[in-house]
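Fit chain B to the given chain A structure using the hints.
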Amino acid sequence: MADDEQLRTALVEDLDAGFEAVVRTHGDVVHAVARRTSDRAADAEDLAAEAFLRAYRALRGYAPARIEALDLRPWLLTILLNTARNDRRSAARRPRTDGVTPVPDRPSPTPGPAERAEASDLGDRLATLLADLPVAQRTAVVLRHVVDLPVAEVAAVLECTEGTARSYAARGLAALRTRLTPEETS
Amino acid sequence: MTDSLLTSLRDLAGPAPTTLADRVMDGWVRAPSPLGEVYAVVGDRGVRLLRPAAYAGDLDAFLEGYRERHGRPVRPAARPPRGLLPALRGRGPGPAVDLGELTPFARDVLAATARIPSGQTRPYGWVAREIGHPKAVRAVGTVLARNPVPLLIPCHRVTRGDGQVGQYLSGVADKVSLLEGEGVDLGGLADLAAGGVRYLGSDTTGVVCFPTCHHARRITAAHRQRFASLARARDAGYRPCRDCRPM
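Taken in sequence, the protein lines are chains A and B.
Per the numbering used here, the first sequence starts with residue 1, numbered consecutively.
Per the numbering used here, the second sequence starts with residue 1, numbered consecutively.
Keep in mind that the hints were calculated from the coordinates and are not lab data.
Any given hint could be a false lead.
Some chain B residues flagged as far from chain A (calculated, every beta-carbon gap over 12 Å) [as the list claims (entries may be wrong)]:
(1) Val29
(2) Pro32
(3) Leu99
(4) Pro104
(5) Ala111
(6) Ala145
(7) Asp243
So the derived label-pair ranges between C-beta atoms look like this [as the list claims (entries may be wrong)]:
(8) A:Arg88 - B:Leu59: 35 to 45 Å
(9) B:Arg107 - A:Arg88: 23 to 33 Å
(10) B:Gln167 - A:Ala152: 55 to 65 Å
(11) B:Arg242 - A:Asp124: 53 to 63 Å
(12) A:Arg89 - B:Arg245: 23 to 33 Å
(13) B:Pro15 - A:Thr181: 21 to 31 Å
Model, not experiment: these values are computed from the prediction.
Every residue gets a Cβ at the ideal spot worked out from N, C-alpha and C, and that includes glycine.
The following block holds chain A by itself, in its conformation from the complex (with noise of 0.2 Å):
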């Protein structure tokens, strides 16, 4: 794993090589973010790898110094939430053809026996209450806490102040924690 001097200094010189280096180092946040902000598991590398492509498509214009300047994580993980963004947009105003339904049921606030039986692994069930947040809760939870990122570059990503960045995270924490059963959290 290269570190984002490393990564830079190897785009400059080989924008292929570099480039190759950038995705293996970050692919997995990347595809984290994906995963947890896509409504189907399924588009999770297909979004991940078209926000890859069109990083490369921006690289290619980028001046050296400006190449030079980039905070990889942060830029790549903003090209790929306007990626699905996007995506989601372009989904809504052309149904899908292939007959799967694009948005999951919404799960209710507080489950049924039935299903608490069935999603009894609290990561399944935290994943469904995630998608079920409001996007800029869900994406602040997502980008502080599954993947870990600093709130500065949390707050980078999603063009806002520090403190805004904060209180998305801690609302959706919030959230979370009130629709999950006391056995699950304990």
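For chain B alone, kept in the frame of chain A given last:
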């Protein structure tokens, strides 16, 4: 309580699938072919571009052209895709090709072209008819002139309706040498065309074919009937071959 929630959230971050880098990075290879060395770029869904080195220039120029046109990064591939090397020697069904960036029309043109057997030729108008756009002969020519994967999709087997060989991406000489390499008798075809003959029929089977169809090549001289048009063959009681589907 808090700890358990935060730990569970962190557990939602799994590693990316190992295929992610391959989805983003395409690979390039060099391979021998009847036209000398070729360069190819292969993505996760198949060969995306193939060019003879003699036509494309040096490798760097070829790769830069690819990046420019497709906006995708390329690295050396670990190995050629399955089926590429045999296909370039004229064997096997060939590797998967990725034509996803082309228009549906262009994909149809290339799919019809891919069905022309080795050693046979078809007119541009035949491809147009096969894909249900019988008048789009010129558009077919344009698509074939830009075939992203020549040799793998044998656009050299599409020739002019008047018996001339027609254009080829890397020059007419390459087209001639590919067709002759597959055993097409270009001299014989030119002679037929010069005599106004476009179709051959057998008076024992009553079937009429393109001259390069494997059925036409089996007709003995005594039973070979020559036709200038399909209409005349029909008038004489012949039916079009079901394999080469003359038009």
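So, going through the hints one by one against the coordinates:
In this structure valine 29 of chain B is separated from chain A by more than 12 Å, as the shortest Cβ-Cβ distance comes to about 15 Å. With a cut of 12 Å on Cβ distances, proline 32 of chain B stays outside the contact zone with chain A, its closest approach being about 25 Å. Every Cβ of chain A is farther than 12 Å from the Cβ of leucine 99 of chain B; the closest lies at roughly 18 Å, confirming the non-interface assignment. Listed as a non-interface residue, proline 104 of chain B keeps its Cβ farther than 12 Å from every Cβ of chain A; the least gap is roughly 15 Å.
Remark: the non-interface label on alanine 111 of chain B is consistent with the geometry, its nearest Cβ contact in chain A lying 21 Å away (cut-off 12 Å). The beta carbon of alanine 145 of chain B is kept farther than 12 Å from every beta carbon of chain A, the shortest such distance being approximately 27 Å. No Cβ of chain A comes within 12 Å of the Cβ of aspartate 243 of chain B; the nearest lies about 35 Å off, and the non-interface call holds. Checking the proposed 35 to 45 Å range against arginine 88 of chain A and leucine 59 of chain B shows it holds: the Cβ atoms sit about 40 Å from each other.
For the pair arginine 107 of chain B and arginine 88 of chain A, the supplied restraint of 23 to 33 Å holds, since their beta-carbon distance comes to about 28 Å. Glutamine 167 of chain B and alanine 152 of chain A have their C-beta atoms about 60 Å apart, which keeps the hinted 55 to 65 Å range intact. Taken as a hint, the range 53 to 63 Å holds for the pair arginine 242 of chain B and aspartate 124 of chain A, whose Cβ atoms sit roughly 56 Å apart. Taking 23 to 33 Å as the suggested C-beta distance range, the pair arginine 89 of chain A and arginine 245 of chain B does not conform, at roughly 45 Å.
For the hinted restraint 21 to 31 Å between proline 15 of chain B and threonine 181 of chain A, the CB-CB distance of approximately 30 Å keeps it satisfied.
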